[in-house]
Amino acid sequence: MKTIIIGLGNPILRDDSVGPIAARLIGQRLDAECSSRSADISVSEVYAGGIRLLDEMAGYDRAVIIDSIVTGDNAPGTVYRLTPFSLPQTRNCGSSHDITLPMALGMGRMLGMAMPSEIHIWAIEAEDVNTFGEWLSVEVEKSLPGVINGVLSTCGALR
Amino acid sequence: MKRISIDPITRLEGHGKIEIFLDDSGDVANTYFQVPELRGFEQFCVGRLAEDMPVITNRICGVCPEAHHLASVKALDELFGIEPPDAAKKIRELLYMAFFVTDHTTHFYALGGPDFIVGPDAPPAERNILGVIRKVGLDAAKQVIGCRARNHHVIEMLGGRGVHLAAGIPGGWSKAVSERERSEIEGIARENIGFAHFSLRAFDDIVLKNPAYMDMITSDVYVHKTYYMGLVDSQNRVNFYDGMVRIVDPEGKEFIKYHPKDYVNHITEHVEEWSYLKYPYLKNVGWKGFVDGIDSGIYAASPLSRLNVSDSMSTPGAQEQFERMYETLGSKKRNGRYQPIHHRLVTHWARLIELLYAAEHMLELATDPEITSPAVRVIPDKIIGKGIGCVEAPRGTLTHHYESNSKGVLTMVNMIVGTTNNYAPMTLSIKRAAEKLITKGKIIEQGLLNKIEMAFRLYDPCLSCATHSLPGQMPLIVNIRNSGGEVIRRFSRDEIT
Numbered sequence: 524m525k526t527i528i529i530g531l532g533n534p535i536l537r538d539d540s541v542g543p544i545a546a547r548l549i550g551q552r553l554d555a556e557c558s559s560r561s562a563d564i565s566v567s568e569v570y571a572g573g574i575r576l577l578d579e580m581a582g583y584d585r586a587v588i589i590d591s592i593v594t595g596d597n598a599p600g601t602v603y604r605l606t607p608f609s610l611p612q613t614r615n616c617g618s619s620h621d622i623t624l625p626m627a628l629g630m631g632r633m634l635g636m637a638m639p640s641e642i643h644i645w646a647i648e649a650e651d652v653n654t655f656g657e658w659l660s661v662e663v664e665k666s667l668p669g670v671i672n673g674v675l676s677t678c679g680a681l682r
Numbered sequence: 047m048k049r050i051s052i053d054p055i056t057r058l059e060g061h062g063k064i065e066i067f068l069d070d071s072g073d074v075a076n077t078y079f080q081v082p083e084l085r086g087f088e089q090f091c092v093g094r095l096a097e098d099m100p101v102i103t104n105r106i107c108g109v110c111p112e113a114h115h116l117a118s119v120k121a122l123d124e125l126f127g128i129e130p131p132d133a134a135k136k137i138r139e140l141l142y143m144a145f146f147v148t149d150h151t152t153h154f155y156a157l158g159g160p161d162f163i164v165g166p167d168a169p170p171a172e173r174n175i176l177g178v179i180r181k182v183g184l185d186a187a188k189q190v191i192g193c194r195a196r197n198h199h200v201i202e203m204l205g206g207r208g209v210h211l212a213a214g215i216p217g218g219w220s221k222a223v224s225e226r227e228r229s230e231i232e233g234i235a236r237e238n239i240g241f242a243h244f245s246l247r248a249f250d251d252i253v254l255k256n257p258a259y260m261d262m263i264t265s266d267v268y269v270h271k272t273y274y275m276g277l278v279d280s281q282n283r284v285n286f287y288d289g290m291v292r293i294v295d296p297e298g299k300e301f302i303k304y305h306p307k308d309y310v311n312h313i314t315e316h317v318e319e320w321s322y323l324k325y326p327y328l329k330n331v332g333w334k335g336f337v338d339g340i341d342s343g344i345y346a347a348s349p350l351s352r353l354n355v356s357d358s359m360s361t362p363g364a365q366e367q368f369e370r371m372y373e374t375l376g377s378k379k380r381n382g383r384y385q386p387i388h389h390r391l392v393t394h395w396a397r398l399i400e401l402l403y404a405a406e407h408m409l410e411l412a413t414d415p416e417i418t419s420p421a422v423r424v425i426p427d428k429i430i431g432k433g434i435g436c437v438e439a440p441r442g443t444l445t446h447h448y449e450s451n452s453k454g455v456l457t458m459v460n461m462i463v464g465t466t467n468n469y470a471p472m473t474l475s476i477k478r479a480a481e482k483l484i485t486k487g488k489i490i491e492q493g494l495l496n497k498i499e500m501a502f503r504l505y506d507p508c509l510s511c512a513t514h515s516l517p518g519q520m521p522l523i524v525n526i527r528n529s530g531g532e533v534i535r536r537f538s539r540d541e542i543t
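Protein chains in written order, with my numbering: chain A, 524 to 682; chain B, 47 to 543.
Worth flagging that the hints you see were computed from the coordinates, not collected in a lab.
Treat the hints with caution; some may be incorrect.
[As the list claims (entries may be wrong)] According to the in silico footprint, chain A covers these stretches of chain B (three or more CB under 8 angstroms from chain A): (1) 85-97; (2) 105-113; (3) 173-180; (4) 188-199.
[To be verified] Sample of chain A residues at the chain B side, in silico, Cβ under 8 angstroms: (5) N533; (6) P534; (7) Y570; (8) A571; (9) I574; (10) D578; (11) I622; (12) M626; (13) G629; (14) M630; (15) M633; (16) N653; (17) T654; (18) F655; (19) G656.
C-beta atoms are modelled at their ideal positions from N, C-alpha and C, and glycine is treated no differently.
With the hints as extra help, turn the sequences into a complete structure.
Encoded structure:
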């Protein structure tokens, strides 16, 4: 199954960078393994959602999106497993400068683009997404190993 | 005082909030547009090497990294006291035209399109990109996607990377353009021109030929007689990449034309207690509150503003459309130039004219013999220690100001981003829209949210970098509060899908 793992977020905005950081670490794990299981998996870091996300996902059978989220309902570092339709308001899935993720998917299908049949969203509750900086909050950082293993497991790429 | 709160705003980059305050008789007293501010950008940058800024600032925002990248390299040209070769300037500009084509296209079809192509009174469920596609047809939608894709390809080809481009360096550009690349870009520019004409025709057919839309555009709801700002070339024509900042007054007379490095002499910021936002205004006119007119220092910087400050466009198709727009809106020529259009909804039309200009200028640059010159960089050999770079971002004039020590380590960073310029005019537009919908305590609920949103959406605000704020589309909530601040009514809708 041709899969893309997308880390969404601003790389210099504290906990908003958790998606790109997770994607980078996943990419390193896959490179180290060089297994046949990882051959069908691409990894990318994407800043903005909306149509750009559509461009990124087109042509893949499965997409896994890792993004930060601010619900305020749970402690920082809490990990949520979502679908595009269960809760599209992660931090970056939708760009309000253009369109939401469900809208992007609808548009892709309407235009006959090859859209993934499976989309998994991993969202990590952030503590600080208002300050520029290249480090994560402690609890958010602690969530990374679980997210990375979970994503790799989802993709069947975990030893 | 009663307060109506709309929070947050949909289809707007950044997490925003609108507060509507009513007076004791139930009329609108003031409207406040608020966004939470991100912290620490200057601290993040100070202490770093100045030459890192083009790749740092293009990470502030995923919407217009290209604008930040170019404003940043221009600031560095000055900070290092270096004049880039002409070929490098032209490559920068070529990339920038591809960016403008894709950015204006996205705004028109994904953001403005739902209001104009589908219609402001259409049900929210239809007022979105899918509704736009149903109206303009699948082939047109494929053209939109194709336009974005081919111009992103140009950006990647010239900029070295798709999003966080890396090719801009002080003194020039890190990579020359090959003949193969040039030839491909020339073809893309031609396609862009065709697409821009197609979009203008769609606007013509769907909007200009519809009397109801024309009534809406020309009604007084979104009319504000402010000053306007934009970069112009030596012949006072629109220029996105370089030039002097020209300000015209509400009558269309040039108020001032200054070099971007002198911005502090002309622009200052007003602070309101209730908001994180700082409202730029013209220092030499003064702050008179949220009012328009020749005595108020409020100015706008937008596609319409850029056309209002210019005497003409430098490319033939765009010039023809420019004249048509002013003639259609009944603008008279005075001293050889059209008087400004104050109808803010016309900004959508101006954006399409700029789209055509960007496409035509892209072709000019792609067919310029110098564009493939290998001389794309001059190595800096000194540090001046201060640099101010300015470009027109799609959303308005963008200024980067850096200062460094003698080793090129940053000691100060300031930016005035495109959207910031328009905080005060956006407030005027929101207030005017609210006044039409709320009188003597009676609130016309139908279409209220969208009509208020339309007021700021036309400015194409992007708050990610304006306040260094939060992206993401959110559900809309409206609170109506009585004079004690208590919520007496609350209604919300899910995302506008």
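>> Hint by hint, where does the structure go against what was stated? Just the numbers, ascending.
In response: none
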